[in-house]
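Heads up: the protein sequence lines correspond to chains X and S, in order. Counting in my numbering, the first sequence tops out at residue 313, every number present. Counting in my numbering, the second sequence tops out at residue 313, every number present.
Source of the hints: derived by calculation from the structure; they are not laboratory data. As the structure is a prediction and not an experimental result, all values here were calculated from the model. Check before you lean on any hint, since a few could be wrong.
Put simply, identical chains are the same to the list, so a pair is met inside one copy or across any two.
Computed cross-link-like contacts, DMTMM-like style, restricted to lysine to aspartate or glutamate with a CA-CA straight-line distance of at most 20 Å [unchecked claim]: (1) Lys96 x Glu273; (2) Lys211 x Glu7; (3) Lys96 x Asp183; (4) Lys96 x Asp40; (5) Lys211 x Asp39; (6) Lys211 x Asp183.
Number of protein chains: 2
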Amino acid sequence: MQLVTAEEVHRLLDYPYLIDALRRAHLGPPPFGANIVADDPAGTGNQFVSLLGWNGHGAIAAKLVGVFPGNLQLDPPQASVQGLVAVFDPDTGTPKLVADGEAMTFRKTAADSGLGALFLAREDAEILLVVGAGGLAPHVIAAHCAARPSISRVLVWNRTPARARALQATLAGRGVSVEVVSDLDAAVACADVISCVTMSRAPLVKGALLKPGVHLDLVGAYRPEMRECDDTCMTRGTLFVDTRGGMESAGDLCQPIAAGVIGWDAIQADHFELAQGTHPGRTRDTEITVCKNVGGGHLDLFSAEALMARLDT
Amino acid sequence: MQLVTAEEVHRLLDYPYLIDALRRAHLGPPPFGANIVADDPAGTGNQFVSLLGWNGHGAIAAKLVGVFPGNLQLDPPQASVQGLVAVFDPDTGTPKLVADGEAMTFRKTAADSGLGALFLAREDAEILLVVGAGGLAPHVIAAHCAARPSISRVLVWNRTPARARALQATLAGRGVSVEVVSDLDAAVACADVISCVTMSRAPLVKGALLKPGVHLDLVGAYRPEMRECDDTCMTRGTLFVDTRGGMESAGDLCQPIAAGVIGWDAIQADHFELAQGTHPGRTRDTEITVCKNVGGGHLDLFSAEALMARLDT
Numbered sequence: 001m002q003l004v005t006a007e008e009v010h011r012l013l014d015y016p017y018l019i020d021a022l023r024r025a026h027l028g029p030p031p032f033g034a035n036i037v038a039d040d041p042a043g044t045g046n047q048f049v050s051l052l053g054w055n056g057h058g059a060i061a062a063k064l065v066g067v068f069p070g071n072l073q074l075d076p077p078q079a080s081v082q083g084l085v086a087v088f089d090p091d092t093g094t095p096k097l098v099a100d101g102e103a104m105t106f107r108k109t110a111a112d113s114g115l116g117a118l119f120l121a122r123e124d125a126e127i128l129l130v131v132g133a134g135g136l137a138p139h140v141i142a143a144h145c146a147a148r149p150s151i152s153r154v155l156v157w158n159r160t161p162a163r164a165r166a167l168q169a170t171l172a173g174r175g176v177s178v179e180v181v182s183d184l185d186a187a188v189a190c191a192d193v194i195s196c197v198t199m200s201r202a203p204l205v206k207g208a209l210l211k212p213g214v215h216l217d218l219v220g221a222y223r224p225e226m227r228e229c230d231d232t233c234m235t236r237g238t239l240f241v242d243t244r245g246g247m248e249s250a251g252d253l254c255q256p257i258a259a260g261v262i263g264w265d266a267i268q269a270d271h272f273e274l275a276q277g278t279h280p281g282r283t284r285d286t287e288i289t290v291c292k293n294v295g296g297g298h299l300d301l302f303s304a305e306a307l308m309a310r311l312d313t
Numbered sequence: 001m002q003l004v005t006a007e008e009v010h011r012l013l014d015y016p017y018l019i020d021a022l023r024r025a026h027l028g029p030p031p032f033g034a035n036i037v038a039d040d041p042a043g044t045g046n047q048f049v050s051l052l053g054w055n056g057h058g059a060i061a062a063k064l065v066g067v068f069p070g071n072l073q074l075d076p077p078q079a080s081v082q083g084l085v086a087v088f089d090p091d092t093g094t095p096k097l098v099a100d101g102e103a104m105t106f107r108k109t110a111a112d113s114g115l116g117a118l119f120l121a122r123e124d125a126e127i128l129l130v131v132g133a134g135g136l137a138p139h140v141i142a143a144h145c146a147a148r149p150s151i152s153r154v155l156v157w158n159r160t161p162a163r164a165r166a167l168q169a170t171l172a173g174r175g176v177s178v179e180v181v182s183d184l185d186a187a188v189a190c191a192d193v194i195s196c197v198t199m200s201r202a203p204l205v206k207g208a209l210l211k212p213g214v215h216l217d218l219v220g221a222y223r224p225e226m227r228e229c230d231d232t233c234m235t236r237g238t239l240f241v242d243t244r245g246g247m248e249s250a251g252d253l254c255q256p257i258a259a260g261v262i263g264w265d266a267i268q269a270d271h272f273e274l275a276q277g278t279h280p281g282r283t284r285d286t287e288i289t290v291c292k293n294v295g296g297g298h299l300d301l302f303s304a305e306a307l308m309a310r311l312d313t
């Protein structure tokens with residue numbers, strides 16, 4: 001059994017490779033998946049998650065991660081999501097590798113958003129706006145730029161500007177130039193791709209301001225009480241999800257649906273249908289596309305298979 | 001994160017230590033546990049299991065193992081149970097170690113039976129009979145001898161005698177002397193402790209032959225259609241389980257209960273009650289005690305905590 005460190009995960013799963021691996025994985029049927037979400041018996045609100053996926057003769061993969069939001073307030077701060085992804089031979093159950101869970105989670109989440117942009121963003125998209133400057137922000141920047149190499153400007157907005165500037169400095173050290181913006185509405189109005197990676201409970205992106213042709217990628221708001229965009233985004237946009245499994249918990253979907261603004265039937269397709277061409281995706285340059293990144297164990301499984309394939313070659 | 005190999009697991013979790021660690025762990029309340037049992041989507045009958053346990057501020061542990069019976073028929077044969085046990089810091093979710101799953105499973109299963117003998121077997125037990133010569137047999141021998149150092153003779157019976165002789169040869173190489181017996185009934189009649197570790201679907205141990213004072217440990221028959229002992233064992237014996245969680249699937253319990261021979265209320269206590277002294281266990285030298293080893297994720301968690309403690313010192 002091989003240990004794959006965070007550094008190796010990031011090196012092996014570059015976004016052009018991983019986005020294409022996810023696209024190819026979506027050409028088949030959804031694999032088997034099952035989850036355990038355990039609440040801390042001590043009542044802290046922390047959770048521990050076990051996601052199991054079994055893809056025929058491809059792989060068995062299990063992600064085991066803690067979701068401990070308070071880690072960010074520790075001294076020194078720790079990642080809120082930590083754990084591992086383990087991959088097993090589907091013909092014998094033999095453990096093959098154990099990979100860093102935080103790195104695998106960042107990679108699969110951002111590549112999933114990148115895949116949405118590959119299917120849905122305009123091919124000439126130039127301006128990317130990232131809303132939120134947390135751990136996922138550098139990853140969605142890399143993933144969207146991999147999906148749309150036409151992107152030439154990256155704007156970052158964050159509720160606390162200091163964090164956006166810290167991200168800017170970190171990325172500058174890696175040769176990636178981003179602009180910190182303070183006027184979110186103005187940035188929304190000029191962006192071709194908007195990626196929201198926040199823990200917000202109130203809408204940030206106003207649908208009335210969206211430029212025709214924009215692609216809106218929604219990564220946060222994974223709980224019913226969370227929200228990243230307003231109802232107008234959902235009524236102006238053509239709606240997609242990466243997967244329908246678990247989408248009922250996403251605040252940006254369940255809130256406008258509960259309010260009667262849209263119905264579940266407003267969702268046009270998922271990544272399987274987009275990959276397989278049963279839905280064409282974007283149909284005109286002025287169309288506004290909205291894709292809710294719901295996530296799920298199948299993406300961890302697909303990412304683990306992509307990692308295995310890289311290690312085997 | 002530390003990798004703990006099978007060899008290290010076996011070295012660190014010697015049975016006197018692990019049985020006492022399990023006993024101490026049973027002094028507290030049962031920890032949180034949840035399971036996924038996934039069937040191979042290819043329809044082979046193979047299964048993959050995720051057991052998650054969370055013990056307050058003790059540890060979070062997850063066992064991920066495949067159960068692939070056909071592995072034994074591969075060339076070369078492989079273990080039917082393979083996988084890993086991962087342990088996480090319960091205050092941050094940080095992964096601490098990954099240990100070999102087969103070794104951890106053998107150790108926790110045998111130590112659980114040893115704990116039953118510690119609570120229930122006569123203190124002057126001399127003759128141990130092990131029924132079955134598979135992978136668990138050397139472990140239950142070591143565990144029962146750790147629980148009852150008075151054991152001076154070990155008899156092994158197996159459906160195919162060649163396998164019992166192979167076990168005898170292997171153990172002789174480690175300085176452990178066992179006698180292979182061909183007459184199971186005669187061996188049952190003289191044993192002070194009987195440990196059944198088979199995949200049998202028909203009763204092997206006849207209750208009418210049990211010696212007064214014997215302790216009967218039942219490890220196989222984890223499915224409703226399996227059976228290691230007959231109804232008379234259950235009516236002559238005082239019945240115990242390691243845990244009530246999952247006991248309804250054990251053929252040696254559910255079959256006589258379905259037949260009306262005994263009721264679920266025949267089960268006097270579990271390992272938590274025995275450890276905490278709310279049930280006295282054996283009350284007289286001539287009492288026949290029967291303990292069904294049901295197993296469960298809490299035992300994997302307790303064993304993982306014991307491994308962590310050994311590595312920390």
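A quick look at each hint next to the structure:
In this assembly of identical chains, the alpha carbons of Lys96 and Glu273 never lie at most 20 Å apart, being 31 Å within a copy and 40 Å across copies at closest. For the homomeric pair Lys211 and Glu7, neither the shortest alpha-carbon distance inside one copy (38 Å) nor that between copies (62 Å) is at most 20 Å. Within a single copy, Lys96 and Asp183 get their C-alpha atoms no closer than 48 Å, and across copies no closer than 43 Å, so neither meets the 20 Å cut-off. In this assembly of identical chains, Lys96 and Asp40 lie within 20 Å of each other by CA distance solely across copies; the values are 18 Å between and 29 Å within a copy.
Proximity of Lys211 to Asp39 under the C-alpha cut-off of 20 Å is found in neither arrangement, the shortest distances being 41 Å within a copy and 48 Å between copies. Taking the closest pair of Cα atoms, Lys211 and Asp183 come within 20 Å of each other only inside a single copy of the chain (16 Å); across copies the shortest separation is 85 Å, beyond that limit.
Against the hints set out earlier in the document, violations occur for numbers 1, 2, 3, 5.
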